[in-house]
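Enquirer: So the sequences go chain by chain: C and L. Number 301 in the working numbering belongs to position 320 of the first sequence; there are no gaps in the numbering. Number 298 in the working numbering belongs to position 317 of the second sequence; there are no gaps in the numbering.
All clues stand as given, with none of them false.
Copies of the same chain are indistinguishable here, so a pair counts whether it falls within one copy or spans any two.
List time: in silico DSS-like cross-link candidates among lysine-lysine, alpha-carbon distance up to 30 Å:
hint, residue 1, residue 2
1, Lys298, Lys162
2, Lys298, Lys176
3, Lys91, Lys37
4, Lys279, Lys91
5, Lys199, Lys162
6, Lys199, Lys176
In case anyone wonders, no lab produced these hints; they're calculated from the structure.
Protein chains: 2
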Amino acid sequence: MIRTAIVGYGNLGKGAEAAVAAAPDMELTAVFTRRSPENVEIRTPGIPVYPYSELKAHASEIDVVILCGGSATDLPKMTPEVAGICTVVDSFDTHAHIPEHFAAVDAAAKEGGNIAVISSGWDPGLFSIARLYANAALPEGTDYTFWGRGVSQGHSDAIRRIPGVKDARQYTVPVEEAVEKVRNGENPVLTTRDKHTRECWVVAEEGADLQAIEEAIKTMPNYFDEYDTTVNFISEEELLRDHQGLPHGGSVIRSGVTGWDGEFKDTVEFSLKLDSNPFFTGSVLAATARAAYRLKEKGESGCRTLFDIPPALLSEKSAEELRAHLL
Amino acid sequence: MIRTAIVGYGNLGKGAEAAVAAAPDMELTAVFTRRSPENVEIRTPGIPVYPYSELKAHASEIDVVILCGGSATDLPKMTPEVAGICTVVDSFDTHAHIPEHFAAVDAAAKEGGNIAVISSGWDPGLFSIARLYANAALPEGTDYTFWGRGVSQGHSDAIRRIPGVKDARQYTVPVEEAVEKVRNGENPVLTTRDKHTRECWVVAEEGADLQAIEEAIKTMPNYFDEYDTTVNFISEEELLRDHQGLPHGGSVIRSGVTGWDGEFKDTVEFSLKLDSNPFFTGSVLAATARAAYRLKEKGESGCRTLFDIPPALLSEKSAEELRAHLL
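Same shape as in the complex, but just chain C (with noise of 0.2 Å):
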């Protein structure tokens, strides 16, 4: 059994555990936070619950641990922190600072001499893959990446920032004809606008300038002003009973040619419908986590990211099964 901690008991925190739990091969040692431990109940029967800062003490009981913190703030101080003393799974998810990222914890790693993974997840993750592996085949193309329809955490608690904001949810969507223009092979030229449309939902303060928030939504720069945005306000009650899930998911597509002047065309396609991102994000860092721990156990150390990993160190099955049922 693989000994598995999660630090971080979050929407993702809850996922990983599930996955643990479901996995047959996976057992969950301890889960670690930064709250109060009394204030954390977990749904796994008997584990106990820790402070972050006993993480050190725990180490040797753990084989792999599952950091489940946000990318902005706890992810670039933790990552590089545990893989110091573990081996470690992350889904960081900061695609700009990623080679910084991988820098940091590829020090950490191979000072403590464990391998860590790092962004790992659907996106980046999954869908990394099949951008990879979509170029290697059709090294002539274009990639595009359309998400949703699915809940935005950063934009809804961009919204819920605005004066006047009691609570809100926000939708990403792909705008379809963009989606099938790609899919027929088009190669169209698509801005952000084009792309996805945002989807607002959000209950106001009452007695609130409900033109004022729907102006400061539609116009905050870098979240909203480059889209188009509809705003839909709606009672407490709505919210909770019509958006509380956090479904997600999206398609990556590339369209490229093969043959000698790119005589034919070709498309390929990697999507998800996802009842619950944080689940499946979970699920994914699950099957990663089985991963380092394999890569660890060859004798390997430092920072690795799905691209550098043989598929079939993610599986619970032996060589031999795969081959045979799924290749």
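Given chain C's structure and the hints, the job is docking chain L onto it.
Expert: Just chain L, lined up with the frame of chain C:
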């Protein structure tokens, strides 16, 4: 430059040739054929065509051999033969015989100190990888594979063997309602007939009994009897005009659950739409040849499948470039 040789100059060999020509890090050293070399005219200028029997004599000029023979009789013999003298890749696609092919090739490759990657292409190949990642991410779920719309050369050949048939082309067509049910997470139980239909375009000899031909096709065991089959008689001109391409494609879909007691439903889908099946397969084989070369350079030997190969090895880009641009 990775020095490649192509064995077999049918459609697949032509596809591999175009892919090698397009790869910035690969070059074609020679084409080997079991036909008379003087009757084989290749596209790449200045490259020799040798009899297959001379492959061993040229082994030192070659880094990787791309085998472009058929799975029924060529590859079971050729791949172990070549693996003994050179690093090699093939597209062996008889799913049921993969374990024994793997064993034979593994023994020969280890004996020769070479790497052999078998069963690359798209199914087996990219479809297999999609199944593996989807299974790792969603351990609880069901796999579905749909093929087409595309030309099945085996089924076209089977029709051509019927007395009175001059030429024929058979398309495998997925049943759209079945695909939609799977995409919607309905987890349908599907029979062979539910999943695909077969569409035949037949040129009959003059005076042939069309009804007898249609009957012979529709009742042909294994090939057609378990499918809803349509037979269309057309002229030779129409066949040449409308059915010369070898398009193919399809979808691998895994429908599964995450969370406690399967509370969340997810769908993972990988799809291909290909103008030319052999040129796309040839392109995947060229990328696989790159990976095989790199494994050999690392001092490894033995048989591999894409399950065992880190995705990054398939790409001509560096690890840094991949992390910065595709992750």
